[in-house]
Amino acid sequence: MKLRFSPVSYKSNSTAAALGVAAAVMLVPANLLPVLSTENFGYNRSDTIFSGTLELWRQGLWVIAAIVFAASICIPAVKLAGLGWLLLSVRHGGPRDSRRLTRVFAVLDFVGRWSMLDVFLAAFLTGLVQFGEFSSIQARSGIVAFAAAVVLTVLATRAFDPRVIWHGPPRVSPETSQP
Amino acid sequence: MMATEGRLGPDAALVFSVTGLILALPAALLPFVSAGKLGDERVCRLFTGVGALWDNGMRALAVLVFLCGALLPSALLGALALLHAPARMKWHAVNIPFLSHTVRLLEHWAFPEVQVLAVLVALMKLGDLVDITIGPGFWCYCAMAVCLVLAQRSFDFESCHPAPFPCGTDAVR
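Going line by line, the protein sequences match chains E and U.
Okay, so the first sequence: first residue is 1 according to the numbering used here, each after it adds one.
Okay, so the second sequence: first residue is 1 according to the numbering used here, each after it adds one.
These are calculated hints, taken from the structure and not from any lab test.
No residue lacks a Cβ here, since even glycine has one placed at the ideal position from N, Cα and C.
Any given hint might turn out to be false.
What the hints assert, rightly or not - Quick look at which bits of chain U chain E covers, simulated, 3 or more residues with Cβ under 8 Å: (1) 31-44; (2) 54-68; (3) 103-115; (4) 119-129.
Go ahead and model the full structure; you've got the sequences and the hints to work with.
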């Protein structure tokens, strides 16, 4: 059996908007709740995404802090802002710089995956550092919210159809709109 | 013909995808990283983090990490190999449109290069908290991630399936 794909399949940009809003909502607990807790010789410490990045900076690991800051804080925010810009641009119609908007979409599509860095980081550290009462690292609920936000932003970008940047939103004919 | 348009020569995508698939096995089985603390040593493999998250009750997160870090990259390599193998092996039974669509789908959810960066960041972050030894599994995983990127770069979708794709992202590539 061979699958046949429709040459034109307009996706719902309202779906992209809804997923984007859901991702924005999930980013609130993701940034407020702790993502990792560390225990080292009885000293306990819980870190949010931002406090963890700040701690790396204080330790002098500036490059690592910059990478984590970019992947976990900047990219989700930039991605949501960019998606919002794209959705507003195609919604209002009228003249627009389609080439630039297409580039923006391509960048958003590429950078989104790097937000998973913190999720992989938490999984790896949770698996590796388990030395009982001497030293241990546990993932906390914030990382679940953050992973949900990342998945939702990827789904939102996938739901957005970049062809409407060039052709405008799909027109619904009067015949098809009748119940 | 498929895989003849790549910059690295004919069959480059097939070679990279098969190499990546072969490397996936030691990456999953061999020690990834060993950590020592006060004489106690803990060996971490690719799925150790997934297991720890699962045991902590974060099962959805464990499944996500397992899919994006291990299963889907291997599936993507397999799909790429299957796309290229028929031209080389003179097979005719492979459903090219279906495989092309699968590759397009998997590309958005396979993040081995992000996991490599995450492990490097984690090793830097641990600092002197524990004594770290990088194992062969990690190097195999790095090589697999590189092979996946190169296989994707070497593959020319248009020569394989000239008809327009239904995916929304195709318009910008």
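(message) Please check whether the region 103-115 of chain U has three or more residues whose CB lies within less than 8 Å of a CB on chain E.
(response) Contact hint for the region 103-115 of chain U vs chain E: holds, 5 residues under 8 Å.
(message) Taking 8 Å as the Cβ threshold, is the statement that the region 54-68 of chain U is covered by chain E upheld or broken by the three-residue rule?
(response) holds (count 8)
(request) Given that the region 119-129 of chain U was listed as covered by chain E, double-check it with a C-beta distance under 8 Å for 3 or more residues. (result) holds (count 8)
(request) Confirm or reject the coverage of the region 31-44 of chain U by chain E under the rule of 3 or more residues with a beta carbon closer than 8 Å to the chain's beta carbons. (result) Holds, because 7 residues of the region 31-44 of chain U bring their Cβ atoms closer than 8 Å to Cβ atoms of chain E.
In this structure, none of the earlier numbered hints is contradicted; all agree with it.
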